[in-house]
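Engineer: Below are the chains, spelled out letter by letter.
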Amino acid sequence: MAAHCESGTIASLLSHRGMEITEPLVFGISSGIFFGYFHKMKSFAFPTFIVRNKPGQMRKNIEKRLGVRFKTYNFRDPVKGEMKLDELIRQQIPVANQVDFFYLDYVPSWERVHINVHFLVVIGKEENRYIVSDAYFPKLVELDALSLEKGRFAGGNMSPKGFIFHVDSLPTQVNLKPAILKGISKACFNMLKIPIPFLGIKGIRMFAKKVTEWPKFARDTEHLSHEIMKINILLEDQGTGGAGFRFIYATFLQQAAAITGIAELKSLSEELMNIGDGWREISLFTARIGKNRDLGPDKLKQLSEMIYDRADVEERFFKSLSLAIK
Amino acid sequence: MPEPTDELKLEIKSMIISTLGITDVDPVDVDEEKPLFGGGNALTLDSVDAIEIIMAIQRTYGFRIADQTLAREVIRSINSIAQFITDQRLVKITP
Numbered sequence: 005m006a007a008h009c010e011s012g013t014i015a016s017l018l019s020h021r022g023m024e025i026t027e028p029l030v031f032g033i034s035s036g037i038f039f040g041y042f043h044k045m046k047s048f049a050f051p052t053f054i055v056r057n058k059p060g061q062m063r064k065n066i067e068k069r070l071g072v073r074f075k076t077y078n079f080r081d082p083v084k085g086e087m088k089l090d091e092l093i094r095q096q097i098p099v100a101n102q103v104d105f106f107y108l109d110y111v112p113s114w115e116r117v118h119i120n121v122h123f124l125v126v127i128g129k130e131e132n133r134y135i136v137s138d139a140y141f142p143k144l145v146e147l148d149a150l151s152l153e154k155g156r157f158a159g160g161n162m163s164p165k166g167f168i169f170h171v172d173s174l175p176t177q178v179n180l181k182p183a184i185l186k187g188i189s190k191a192c193f194n195m196l197k198i199p200i201p202f203l204g205i206k207g208i209r210m211f212a213k214k215v216t217e218w219p220k221f222a223r224d225t226e227h228l229s230h231e232i233m234k235i236n237i238l239l240e241d242q243g244t245g246g247a248g249f250r251f252i253y254a255t256f257l258q259q260a261a262a263i264t265g266i267a268e269l270k271s272l273s274e275e276l277m278n279i280g281d282g283w284r285e286i287s288l289f290t291a292r293i294g295k296n297r298d299l300g301p302d303k304l305k306q307l308s309e310m311i312y313d314r315a316d317v318e319e320r321f322f323k324s325l326s327l328a329i330k
Numbered sequence: 600m601p602e603p604t605d606e607l608k609l610e611i612k613s614m615i616i617s618t619l620g621i622t623d624v625d626p627v628d629v630d631e632e633k634p635l636f637g638g639g640n641a642l643t644l645d646s647v648d649a650i651e652i653i654m655a656i657q658r659t660y661g662f663r664i665a666d667q668t669l670a671r672e673v674i675r676s677i678n679s680i681a682q683f684i685t686d687q688r689l690v691k692i693t694p
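Keeping their order, the protein sequence lines are chains B and G.
My numbering puts the first residue of the first sequence at 5, with every later residue one more than the last.
My numbering puts the first residue of the second sequence at 600, with every later residue one more than the last.
By construction, these hints were calculated from the structure, which means they are not laboratory data.
Beta carbons: idealized from backbone N, C-alpha and C, even for Gly.
Hints may be right or wrong, so weigh each one.
Said to hold, decoys possible - Quick list of in silico lysine-lysine cross-link-like pairs, DSS-like style, CA-CA up to 25 angstroms: (1) K633/G <-> K143/B; (2) K295/B <-> K633/G; (3) K186/B <-> K68/B; (4) K214/B <-> K44/B; (5) K84/B <-> K165/B; (6) K270/B <-> K691/G; (7) K213/B <-> K197/B; (8) K330/B <-> K181/B; (9) K46/B <-> K165/B.
As the list claims (entries may be wrong) - Covered by chain B, according to a simulated footprint, are these stretches of chain G (three or more residues, beta-carbon under 8 angstroms): (10) 646-654; (11) 659-667.
Only chain B is shown next, with the shape it has when bound in the complex:
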């Protein structure tokens, strides 16, 4: 089981090949923690935000920082996509698949939503059913071939296009310490210094400022309440590990402290857990708005203040983190 599908999948593929690495280490080394706010974008019907780097970036960063090589494939033709997958698993190579979460029939129906960037690992096939290791499930599950095909070739934003990958080669020696330091350094840059006004801490502040303008994008109170409730979903569901990936990054820092010998990372890990609790208060606040359709006059102002507060504490946190690794 893992907290997040992409980091969990990568950790699982690497562990299978004998590398000693945990999911939080994959997340941290690949600078997974992030923030971006999108107020007006063609691809989004309503303002939204992200709390991690873009899908695929974790794999690329792990390649760069650990010297691992992944082999990747995209397909337009589902038949060719299935043939390649079957060929690889016949060679007993576990294969990561990008899929739309909605088509995974082993997931309870009330939990299924369309998310095109879910990752799972296919490890075998029995007749017409694939044996799947999914980061969100404690045991192996089965998935029929047609459901997997629908998931791999779903349409829409960030459609998977049959994308699969597997480990091609591992370096003869892995030195985690420089990879950890590079991962932290890049995360601090992304949060503190990236020169784009809607990304990093600046993005959290823009979110805080602009959330009070959300009513003008909404059809009515029902719609607005629903969109505000999605803040809870983006922070807590969709494999964030809780509190918008802040908890998984805190676990990474705890493990990084032991590996690098930088004791300060351990206290920063505890600090980030507490910061995560604050994001969870936001989740709770927005879930209540969504549930009760309660948009009293000051609710958005209160929400804005809560988000501004997260920007302030995260700015202090990432500055301390940046200093800790110098």
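Given the coordinates of chain B, assemble chain G onto it according to the supplied hints.
Structural biologist: Using the frame of chain B, we list chain G on its own:
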């Protein structure tokens, strides 16, 4: 592995009912093994309620469920919540 007590289970049911402001369900009517989510129990909760329960457990018992994959397992039923709290209490007192 110690078993959760009946008192703890009743306390958890009352905590959930009070946290979610449910007025038409009595704690004794809540099945301890049936899933809390997806129907079939006197308390039929949805995903929005999950964060309420996770935060209530943290506030009431002081145990943070940071990982939501674990959270999904923990808040599956009254029994699973009670087992989690019992286990965490044991971890806390074991040096």
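Engineer: Of the hints stated earlier, which fail here?
Structural biologist: Failing hints: none at all.
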